[in-house]
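Top line first, the protein sequences correspond to chains V and P. For the first sequence, counting from 1, position 10 maps to 10 in my numbering; every step adds exactly one. For the second sequence, counting from 1, position 29 maps to 1029 in my numbering; every step adds exactly one.
Incorrect hints may have been included.
[Stated by the list, open to error] Restricting the straight-line Cα-Cα distance to at most 20 Å, the calculated cross-link-like pairs of lysine to aspartate or glutamate (DMTMM-like) are:
| # | chain 1 | residue 1 | chain 2 | residue 2 |
| --- | --- | --- | --- | --- |
| 1 | P | 1129 | V | 111 |
| 2 | P | 1129 | P | 1028 |
| 3 | P | 1129 | V | 137 |
| 4 | V | 113 | P | 1028 |
It should be emphasised that the hints constitute simulated quantities derived from the structure, not laboratory data.
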Amino acid sequence: VPWFVIGPVCFIATVAALIALFRTRWNRTPFLPIAAVACLCLLSGGVIIVQRLAAGPGQGTSAADIFYGLVCYVWLLFAFMETYYTLNTSVSLRVVSEIAASPGGSMTLEELKARYPYGWMISQRLRMLADQDLVRERGGRFSASPKAIWLSGLFVLVKRILRLGESG
Amino acid sequence: VRALLSGLSLFALFLAIHVAAFNLWKIERRFRVLAGSFFAVGAAALGGLLPAPMSLPWQGPWWRWEGWEAGIVYLCLFQGYLQFYFLAERGFSLRILIDVTRSGPEGLNTEEVLGAYSGGRGLDWMLRKRLDHLEKAGFIAAQDGRYVNTPFGARVALLSGRLRRLFNITTWG
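Using the sequences and the hints given, assemble the complete structure.
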């Protein structure tokens, strides 16, 4: 089986499984989608390797096709993750969607802020960061966890290397 | 192995060009430079303008050319890097995390996070920056103090709504 078939077929199977998973009550469990992808990777890899072994020496899918199939799969998965996280967390996409949903299809800045309040935006993100143990809440104050300190340090360094400024 | 080396070296060249460009010039539209560097390196490799192992000669039937394999490695690395880059460039949660980390062990409350955002520029700056980008990219237009979606923006909103329903995303933004 050539790599350009292996990658997309495994990807379609993964996305179908993820869509089914997103519709269950575990939808919001952190890291479950990642665990599901890892299981599917192992499963599809296992099927291909078994098929290769069963076909006998010199036959079946080559090691190169398996490797580049995996690379193709990872590329598609990166693109999917980018789309998924954009749908989930993008401020810009939320703005466009709020304008589309508004009566008359137009909004002033003040109307936008009323529909998409700053306080809600911040508390939503802080809760997400707390779920991932990146911030810890004590008495209504949020401080960084040790994991967050090195992660922030890493990205501050990247921002400096790329001269991105404060940004955000 | 040749294709893998080719893909890796193409990505290294792209990264060197992109980092150099970002450091040498003050760039307004960074993503254009990023994507431009990616396509320029890819096109130079396709045209055989780069030395081995970056450019691979056409050999055998076209569907078995090693260049496709090098291309998928290059594309995969670029896609992964893009996620990392966008997180560093405009990650909203990451920005909050950096501000919270800078506040030290005392931390910040929600109101203080609002004011401290992006080194004290605040959320008004963040929202105006997003609106400005959306306008420049042709998603929205400002008319008499009101923002409206362009036909392209309206299509994006419609598609994103459908995808959110498909992925069962109920709380977002």
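Non-conforming hints, listed in increasing numerical order: 3 and 4
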